[in-house]
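J.: Given the coordinates of chain C, assemble chain U onto it according to the supplied hints.
Protein chains: 2
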Amino acid sequence: MAEGEEPPVSYEDLALIEAEFEDVDTEIMRKQYDLSAPLYAKRTEVTRKIPNFWPLVIEQAPPDIDQWIQPHDSRIIAESLLNIEVRRPELDNKGSGNPRSVSIKLEFKPNQDFEDTVLEKTFWHRRAKDGWSGLVSEPVRVHWKKGKDLTEGLTDGAVALWEARKKTGDMTAKTLPEYYALKKKVDSWNGSNTSFFTWFGWVSGRRWVSAEESEEANRMYLESKEKRMKAAKSEGDAAEDTNEDEDQEEENDDEAVEVHQAGEELAISFAEELWPNALKLFTQAQDDDISEIDFEDMDTDEEDEDDDDEPIDIRALVQDKGGKARSRDSTGGGAAPPSKKQKKK
Amino acid sequence: MAEGEEPPVSYEDLALIEAEFEDVDTEIMRKQYDLSAPLYAKRTEVTRKIPNFWPLVIEQAPPDIDQWIQPHDSRIIAESLLNIEVRRPELDNKGSGNPRSVSIKLEFKPNQDFEDTVLEKTFWHRRAKDGWSGLVSEPVRVHWKKGKDLTEGLTDGAVALWEARKKTGDMTAKTLPEYYALKKKVDSWNGSNTSFFTWFGWVSGRRWVSAEESEEANRMYLESKEKRMKAAKSEGDAAEDTNEDEDQEEENDDEAVEVHQAGEELAISFAEELWPNALKLFTQAQDDDISEIDFEDMDTDEEDEDDDDEPIDIRALVQDKGGKARSRDSTGGGAAPPSKKQKKK
Numbered sequence: 001m002a003e004g005e006e007p008p009v010s011y012e013d014l015a016l017i018e019a020e021f022e023d024v025d026t027e028i029m030r031k032q033y034d035l036s037a038p039l040y041a042k043r044t045e046v047t048r049k050i051p052n053f054w055p056l057v058i059e060q061a062p063p064d065i066d067q068w069i070q071p072h073d074s075r076i077i078a079e080s081l082l083n084i085e086v087r088r089p090e091l092d093n094k095g096s097g098n099p100r101s102v103s104i105k106l107e108f109k110p111n112q113d114f115e116d117t118v119l120e121k122t123f124w125h126r127r128a129k130d131g132w133s134g135l136v137s138e139p140v141r142v143h144w145k146k147g148k149d150l151t152e153g154l155t156d157g158a159v160a161l162w163e164a165r166k167k168t169g170d171m172t173a174k175t176l177p178e179y180y181a182l183k184k185k186v187d188s189w190n191g192s193n194t195s196f197f198t199w200f201g202w203v204s205g206r207r208w209v210s211a212e213e214s215e216e217a218n219r220m221y222l223e224s225k226e227k228r229m230k231a232a233k234s235e236g237d238a239a240e241d242t243n244e245d246e247d248q249e250e251e252n253d254d255e256a257v258e259v260h261q262a263g264e265e266l267a268i269s270f271a272e273e274l275w276p277n278a279l280k281l282f283t284q285a286q287d288d289d290i291s292e293i294d295f296e297d298m299d300t301d302e303e304d305e306d307d308d309d310e311p312i313d314i315r316a317l318v319q320d321k322g323g324k325a326r327s328r329d330s331t332g333g334g335a336a337p338p339s340k341k342q343k344k345k
Numbered sequence: 001m002a003e004g005e006e007p008p009v010s011y012e013d014l015a016l017i018e019a020e021f022e023d024v025d026t027e028i029m030r031k032q033y034d035l036s037a038p039l040y041a042k043r044t045e046v047t048r049k050i051p052n053f054w055p056l057v058i059e060q061a062p063p064d065i066d067q068w069i070q071p072h073d074s075r076i077i078a079e080s081l082l083n084i085e086v087r088r089p090e091l092d093n094k095g096s097g098n099p100r101s102v103s104i105k106l107e108f109k110p111n112q113d114f115e116d117t118v119l120e121k122t123f124w125h126r127r128a129k130d131g132w133s134g135l136v137s138e139p140v141r142v143h144w145k146k147g148k149d150l151t152e153g154l155t156d157g158a159v160a161l162w163e164a165r166k167k168t169g170d171m172t173a174k175t176l177p178e179y180y181a182l183k184k185k186v187d188s189w190n191g192s193n194t195s196f197f198t199w200f201g202w203v204s205g206r207r208w209v210s211a212e213e214s215e216e217a218n219r220m221y222l223e224s225k226e227k228r229m230k231a232a233k234s235e236g237d238a239a240e241d242t243n244e245d246e247d248q249e250e251e252n253d254d255e256a257v258e259v260h261q262a263g264e265e266l267a268i269s270f271a272e273e274l275w276p277n278a279l280k281l282f283t284q285a286q287d288d289d290i291s292e293i294d295f296e297d298m299d300t301d302e303e304d305e306d307d308d309d310e311p312i313d314i315r316a317l318v319q320d321k322g323g324k325a326r327s328r329d330s331t332g333g334g335a336a337p338p339s340k341k342q343k344k345k
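Residue numbers (the numbering used here), protein chains in the order written: chain C, 1 to 345; chain U, 1 to 345.
Hints listed in this document are in silico derivations from the structure and should not be mistaken for laboratory results.
Be careful, since some hints might not be right.
You can't tell identical chains apart in this list, so a pair holds if it fits in one copy or across any two.
Below, in silico cross-link-like pairs of lysine-lysine (BS3-like), each with a Cα-Cα straight-line distance of 27 Å or less [stated by the list, open to error]:
1) Lys-31 <-> Lys-145
2) Lys-42 <-> Lys-109
3) Lys-225 <-> Lys-42
4) Lys-184 <-> Lys-225
5) Lys-42 <-> Lys-167
6) Lys-49 <-> Lys-225
7) Lys-121 <-> Lys-167
8) Lys-31 <-> Lys-42
Next up, chain C with everything else stripped away, as it sits in the complex (with noise of 0.2 Å):
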């Protein structure tokens, strides 16, 4: 380049911005978690009193999430689900972690298809040592009750190679009796899900990734981005060099023994959806005349499960009919605050 001239913008000038943009990203959501922690554990301590609450806010979740749920996987949410929580495993109460990992709780009452009342499944957002960074899961066994797996034992399948793929100390072995099955399996459904409880046993949109790998790779990343800056600050071409880490190209991709096409998307639309807009999409239940769950029945056939809950007339809870749910990130407010009305038993 001539002395003096002013160098043309790079994709390299709009990536930095982007990274700065990502870590204010990174300070507002620990920021949010923070503050509105205390307001999820008051939801969820009233939602608790709700009969059928959960089941009602899925039944109006967004495509995202719905394309992913069969019909009896609804039958099983409508019987059975009682509560959700979704939390950032990683944020301490300083203020510091990463707060894209998120851990997803579903608790079920004692049913007909598997022996869990809690499912819960953690999905960390982590940096592979090529660049690559995402969520990554460790599968979850659901225990099917006999002839009851719904996944036709894809989520078994995912547990075993785990499992094996641990023995072994190679989280991405392909040459394990565990890996054939499971490819086999994966290969006969053919991409079509046969149930949302697959999402359990999902590992990775790409591959298994470690702390300890995501570690030394978000170190590498961090000096790398810094050289960076530094070299665009000072003159154009000199950041040519630091690239040779990210160059290393990987094929160890898992595609094939992955359980589940979308596991990360599903992940990211029960947190930051279905979660934040549960009493929205609830709201929104109540004004749908089509809802197919009939909490009224529901209510008297849990009342062995639910020891120390009132019987809650849901249709009180309904009065306002103005607002559908709406982004909580829009200008929100919306309808006039509703009026005070409760039906007495």
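T.: Chain U alone, transformed into the frame defined by chain C:
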């Protein structure tokens, strides 16, 4: 209610929790704009050097925006749009003020369609006395050149009614000639919006709300909320009498003279989708083979307008073909840090 009996959950309980979530959102929004303002300034500095940056971003706009842009609007945008800026005019630098008000400024090259080189519209987030809250905006005149008015008189009509109402001192006056004239235009338009630029004439999804009314309504709202929260803590039914102000129904909606059907939604989409995701949308435009905007030709066309710009090789900006744009609040990251690659002149 019988003594000692636990009160059932009421819609009021849920609404109070929602109100608390909204307070947290407000605080988070303030923090977010505060932290990201310098980054947006830096981004503008860089993107001003990229010919057709904003036309290419708008070409990739989400459906919420795209549906309001007609082919003749696209032509103006492709030929003349130089820059977009989004500000939060009510935020001061002490971290207070309403973060939901938004100013959207579009800068244009001198062009054959209108005299303006800047069209700026401010959307104020306000509360009406009956409890409604949302965005309202003063209509902005577009100084169309003779015979070029794409809005077919709608923006002029909106401004004329606004001025006439200001003279009477009644911003919802319905007995003015300007009211009948505009109503007739809106009726004849019959629901099919003729141009994106009618947006500049938009006032409200409801009716205009002045700063004074909003201040008074917010004061009432906060008082009422505090009363209800105290009441909710002490006893279930005690807050019955706090709703008198909110029950005052209003019938002076201004729908009959509103020139744009979705002015608020469009403002929110500009501020919360297009603006934060502009770099991602731009990258996406580069990856998109069917782009209709020929930025290389455009580059030479505009040389007389852009005095201090270096010609830029946009293709050099898009070496990374990996990720499509993602919502900023997803797990972020995704692609590997891109290589430093730029072509010399």
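J.: Does each hint hold? Answer for all of them.
T.: Hints versus structure:
1. Lys-31 <-> Lys-145: neither (42 Å within a copy, 49 Å between copies)
2. Lys-42 <-> Lys-109: Cα proximity of Lys-42 and Lys-109: one copy only (22 Å, versus 53 Å across).
3. Lys-225 <-> Lys-42: between (41 Å within a copy, 17 Å between copies)
4. Lys-184 <-> Lys-225: neither (42 Å within a copy, 60 Å between copies)
5. Lys-42 <-> Lys-167: neither (43 Å within a copy, 51 Å between copies)
6. Lys-49 <-> Lys-225: between (50 Å within a copy, 23 Å between copies)
7. Lys-121 <-> Lys-167: within (22 Å within a copy, 63 Å between copies)
8. Lys-31 <-> Lys-42: Both. Shortest intra-copy (18 Å) and inter-copy (24 Å) distances satisfy the 27 Å Cα cut-off.
Comparing the model with each earlier hint shows violations of hints 1, 4 and 5; every other hint is respected.
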